[in-house]
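Position chain B against the provided structure of chain A, taking the given hints into account.
Top line first, the protein sequences correspond to chains A and B.
If you're matching positions, the first sequence starts at 1 in the working numbering and goes up one per residue.
If you're matching positions, the second sequence starts at 1 in the working numbering and goes up one per residue.
Each hint should be verified, as a subset may be incorrect.
[Said to hold, decoys possible] Once the Cα atoms are required to be at most 27 Å apart in a straight line, the calculated DSSO-like pairs of lysine-lysine come out as:
#, chain 1, residue 1, chain 2, residue 2
1, B, Lys222, B, Lys181
2, A, Lys216, B, Lys137
3, B, Lys86, B, Lys137
4, B, Lys218, B, Lys261
5, B, Lys462, B, Lys475
6, B, Lys86, A, Lys356
7, A, Lys390, A, Lys22
8, A, Lys216, B, Lys291
9, A, Lys216, B, Lys86
10, B, Lys309, B, Lys350
11, A, Lys36, A, Lys74
12, B, Lys480, B, Lys467
If you're looking for bench data, these hints aren't it; they were derived computationally from the structure.
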Amino acid sequence: MNDPSEALASAKAAADRLVRAKRLNASLTPAKDLRKALVTQAQAAHPSGVLYGMPVAVKDNICTLEFPTTCGSKILEGYRSPYEATAVAKLKAAGALIAGKTNCDEFAMGSSTEHSAFGRSLHPFDKTRVPGGSSGGSAALVAAGVVPAALGSETGGSVRQPASFCGVVGIKPTYGRVSRYGLVAFGSSLDQIGVLGRSVHDAARVLSVISGRDAKDSTCEDRDPLRLPNVPESMQGFVIGIPKEYFPADLDPAVRRACDRVIRLFKELGAAVREVSLPHTPYAVATYYIVAPAEASSNLARYDGARYGPRFNGSEDVRALYRTTRGEGFGAEVRRRILLGTYVLSSGYYDAYYRKAQQMRALIAQDFRNAFDRGVDLLFTPTTPTPAFKAGEKLADPVAMYLSDIFTVTANLAGLPAISIPIGRIKGLPLGGQFIGQAFLEDEMLEAAYALERVVPATEEA
Amino acid sequence: MGGGGGAASWETVIGLETHVQLRTVSKMFCGCSTAFGAPPNTNVCPVCLGLPGALPVANERALQLAVRAALGLGCTVHQRSVLARKNYFYPDLPKGYQISQFEQPLATDGSLSFLSPERGVAMVTIQRLHVEEDAGKSLHDRFPKQTAIDLNRCGVPLIEIVTGPDLRSPQEARAYLQTLKQVLEYTDISDCDMEKGSLRVDANVSVRRVGQTALGTKTEVKNINSFAYVEKALTVERDRQIALLEGGGTVEQQTLLYDAKANAVRPQRAKEGSHDYRYFPDPDLPPLVLKEEFIAEQQTQLPELPAKKRERFAEKYALSVTDAAVLTAERAVADYYEAVVHAGSEADAKMAANWVMTEVLADAKEHGDGLRVPPGALANLIGLVRGGTLSHQAAKRVFSEVAEHGGEPRNVAEALGLIQVADTGVVGRWVSEVLGAHPTEVERYRKGEIKLLQFFVGQVMKVSRGKADPKLAQKVLEEKLAA
Chain A
1 MNDPSEALAS AKAAADRLVR AKRLNASLTP AKDLRKALVT QAQAAHPSGV
51 LYGMPVAVKD NICTLEFPTT CGSKILEGYR SPYEATAVAK LKAAGALIAG
101 KTNCDEFAMG SSTEHSAFGR SLHPFDKTRV PGGSSGGSAA LVAAGVVPAA
151 LGSETGGSVR QPASFCGVVG IKPTYGRVSR YGLVAFGSSL DQIGVLGRSV
201 HDAARVLSVI SGRDAKDSTC EDRDPLRLPN VPESMQGFVI GIPKEYFPAD
251 LDPAVRRACD RVIRLFKELG AAVREVSLPH TPYAVATYYI VAPAEASSNL
301 ARYDGARYGP RFNGSEDVRA LYRTTRGEGF GAEVRRRILL GTYVLSSGYY
351 DAYYRKAQQM RALIAQDFRN AFDRGVDLLF TPTTPTPAFK AGEKLADPVA
401 MYLSDIFTVT ANLAGLPAIS IPIGRIKGLP LGGQFIGQAF LEDEMLEAAY
451 ALERVVPATE EA
Chain B
1 MGGGGGAASW ETVIGLETHV QLRTVSKMFC GCSTAFGAPP NTNVCPVCLG
51 LPGALPVANE RALQLAVRAA LGLGCTVHQR SVLARKNYFY PDLPKGYQIS
101 QFEQPLATDG SLSFLSPERG VAMVTIQRLH VEEDAGKSLH DRFPKQTAID
151 LNRCGVPLIE IVTGPDLRSP QEARAYLQTL KQVLEYTDIS DCDMEKGSLR
201 VDANVSVRRV GQTALGTKTE VKNINSFAYV EKALTVERDR QIALLEGGGT
251 VEQQTLLYDA KANAVRPQRA KEGSHDYRYF PDPDLPPLVL KEEFIAEQQT
301 QLPELPAKKR ERFAEKYALS VTDAAVLTAE RAVADYYEAV VHAGSEADAK
351 MAANWVMTEV LADAKEHGDG LRVPPGALAN LIGLVRGGTL SHQAAKRVFS
401 EVAEHGGEPR NVAEALGLIQ VADTGVVGRW VSEVLGAHPT EVERYRKGEI
451 KLLQFFVGQV MKVSRGKADP KLAQKVLEEK LAA
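One chain only, chain B, in its complex shape:
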């Protein structure tokens, strides 16, 4: 292939396979705990160790969550699906096969809309969603020249979510993943913690000339450990493929591992023989037959999903789409915001949004222990500002105090002496004091330099230590300066 023309003349095609750990107490096929961080090989039993004679029994809770995920992604959930064995040898795979699904997966034909940085609202097809068990972990750095095996993860329930080749850039891949994560967190299906391995991504990447419809030869990129690396790894691989093709070479279909330190991909050490997993239906497990009522029940357990909530917030609370997106990014924040609005007045919805997006999120970020001011307290605080009892500045101080030590905002404001003074006599005395102290400025004002009014207001606030009602102060100042 000749030509060239740089990256702009190439189109990137990406499909993602995401493994997500289901939030269950016990494993997929036995009663062992799924708790993260237990000492090696302590959350194990004959079943997940694959001891001779042991048999798997499917975890119903895992199936509930998997069906919920499928419904949340708009998939068709099949009433009959088949658990199959994927056969391969690896020391952290004690049975010599992984129980997964192949020919008849749990769900197919879903889609997820997400905000593409390049294309705006875009749609990804979810080709299939199936359940499977996790393998154990091989630790190559624990003992010199030896490999240690930890089988705690073995049998942990996963779903695999496979998209079509619908993503068009590394940035889109990242945006899709963020949206997917949001949905899975919202529905409480997974904690999606990449550091704990509860969300893992493999990517299929190919490039083609803009305008071509046939797909190019793809490679599979593995070992991507964070959302930021998704973008980086895919960019590296895309650029590698384009450079190859522009140099007259061809892309070889292979599996690549991403090396985050070097920001490079390298071919996976070839496993012996070819990848023939010899899938066949697991004879130890009858087909998964889900009653219609079971599926319907999972549908009722689905909360409002992020996209829906975003639209509703924007409309109902008259928020900008951007604000609605910030407020709905996490379910906990969205729920908190609505609680604040419900505890106060819907008329304050916009003000509540500002408070949540600034003070509340900043506080949560700084202290890392959640949303510390109860929604009712924040609603009251907002009420005090709207009613003129507290200045915005003073309210911020009250917020910090309540976040730190708790308490009812009005009481806290009183204790701190922050209640605004709206008594004309008291404010008048502060005004007189300020005017007396600044004769030059008074002179200039009277000669027409009326922008000095704000300076006087500031001085009154200073003298009153923030307690003066700024509107009243301005009014009294204007009167006295006009006299």
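So here's chain A without its partners, still in its complex pose:
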């Protein structure tokens, strides 16, 4: 596409589709505002850009100039960022159209998008179920065919888990591959902007555009943007590791069947398959729920009502302002994690929790290096232990909710790239399988994903 009239048509069509998908509550941008913004952008977009005219929705924890950035929180209701995220600026420079902001768990804390202050998003296949989270709005919009791709963000699986639930592709790049500038911080050492797409190619080409160095983010690697690999004919030469800890005895048999089917396909495609062990995997969720809340407790300290965002009652003195603003502005899950994080960083507990967790994190990363050092190119695992669960099912039990990220948090802790692609259906609901790759070798990972995507019976019951 490089014709302005086509871009305009694309913009209007996306706006129309969004209106029809309104019931999903996946977008936080009112249809009228979105239509206007899309048309304005289509008129301004550079026809030479590689994503010219492509509508891309953006998770609401990524700063945009066109739309408010609320992180799904009351504490930022109506907040407009005076600057835009580097990833968003790169998308626009490539001619993409920012197709509104997507619903998410508040400050990306959650696995169901039920923890949004603006109501839960619905699973596009079954409105009684959740689309996953925290990038549930992005996943639902892509799955419903509203946009070909959307930006999400990951701290512990928040792109791959909803991608698995909604039957779309989700990529979490290597930590440092994409600038975090303008991504509202949750767990800074884990956070990374990711992409949800209809296909590996849609997700990959968006990732390629947003990747690369950024002087504004000290944790972003000084590297050229990711170059997309060619679609391979086979998986000849690939050694795929199957980490046994991701296939416990009590794994859902349907999930196991779906994965076994994929493993057979690997062999048919010419790949070598090898069982490996990542022995520290059982500690990953506990480690994650120390590191991420610790960083969050500090990252979210700035929301105090003093400078921006709404103030709640009782601003007589500054302490009261903090108490009411933070007490009423944050939802229960965010408050729970701030408390948890404050606790693990407190003097007297730091060594027992935060320092220990950092040590365990290093061991988890070492597990992966060991596997790769032994000749494994990529690891394959289920993305989630189950397909999409019912809304409300895990709300009363935070630990059950946390465990839905059991297969995804490891890649975040180790900073590795990972991709979830649909590998089958369980009682009509999609399920994803993931590749975990080596740091900054997204191209290899994408090559394998391309190969698998071509042959996997993604819409067939496992």
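Structure of chain B alone, referenced to chain A:
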């Protein structure tokens, strides 16, 4: 504790934490200006405002200066140090944390020698030196019943310099600070202007019985806004602690604010909860890894430090230690002095020192616009005095004239008619005139009152309007009076 015995039986133990603003154009973690005095909240951006999603990037220039300061204070600079978050809530701290250093600071284990008023040359250990960002400013008097926040200072680069408990009196604390300031000004690391807040001091104070080795309970004194107040605040706090202990009480570990108007300390309003800053490594900033070459490069950028320069001046220019100390107190003055010596003759070094310490510094103090007479001009002026062309008195007039209006000293002296007359005939006429006008004094001289010679010389200078060469005048007078 009983006893008593007054202040003399107590020993004061002081350690200082000094925050120094680094002389950079931009802030520690963003590109905003550090200029002082801008309208409130104009030198700000998403990063220093702590807006959602913004990220810090360390300022390399600030790191250079911090490393230079550390080297100047004899510290070990660590090739790997860690930036950490210090978490606390305050309205002028937009992120809810300050980026500082905790477990792994930039530099440790330095020392600074200074001249103690009581102990002579003494040594202070520098326990650590770390980099951090400044917070904003809360203005409580701008609007009635409201607090205004100015975030211009937010993110300004600072170093914190922490001494060991090595200072033994409020006077020593002040002397150490003056020496520290001198080093930081010399190395061009900071302007050390306390009024602008670019140098701030917190003090830890305790007292113990003379002879005891264990430290007493300390208090922290804050809000000390000048060097003079350092001495006053610490004296007040020391006396308070001694009085408490002598009265049988105990010192409570607490933070005190100094009230300069009342010359008293009072406890800081207790912040909610305890001070648990929950330090942890800042995940937005990789560890500071400094290459060996980078550190070496900063070492080469260090100028000669004041103590070294003082010793060199005393030896090379045969000056007293006191004179050398005056001349090296400020780098600009020291550089000026050396320029004068180099432009003239090293033989005149002592004379040049006198000129700089008297006329030059007096002129600078009076006019406040620096060292106005170029070093070359002063060297020439000194040459004219040494060569007998100008009297010292006349040279002072020339100096003022050059300072005020510029010009070459010889030309100025000629224009003012101040060139000394060394012509025996001309001086002889002035002598005759003077002797003729004072017959009584001539009579007394001849009767043995030879101290009147100076009176005659003075009269000759007066008659010649300062132009007569006083030595020649004396010689001619002696001859004529003897005749």
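These are the hints, each one checked on the structure:
no.	hint	result
1	B:Lys222 <-> B:Lys181	holds, 19 Å
2	A:Lys216 <-> B:Lys137	holds, 26 Å
3	B:Lys86 <-> B:Lys137	holds, 17 Å
4	B:Lys218 <-> B:Lys261	holds, 24 Å
5	B:Lys462 <-> B:Lys475	holds, 17 Å
6	B:Lys86 <-> A:Lys356	holds, 20 Å
7	A:Lys390 <-> A:Lys22	holds, 20 Å
8	A:Lys216 <-> B:Lys291	holds, 22 Å
9	A:Lys216 <-> B:Lys86	holds, 22 Å
10	B:Lys309 <-> B:Lys350	holds, 16 Å
11	A:Lys36 <-> A:Lys74	holds, 25 Å
12	B:Lys480 <-> B:Lys467	holds, 20 Å
Checked against the numbered hints listed earlier, the structure breaks none of them; every hint is satisfied.
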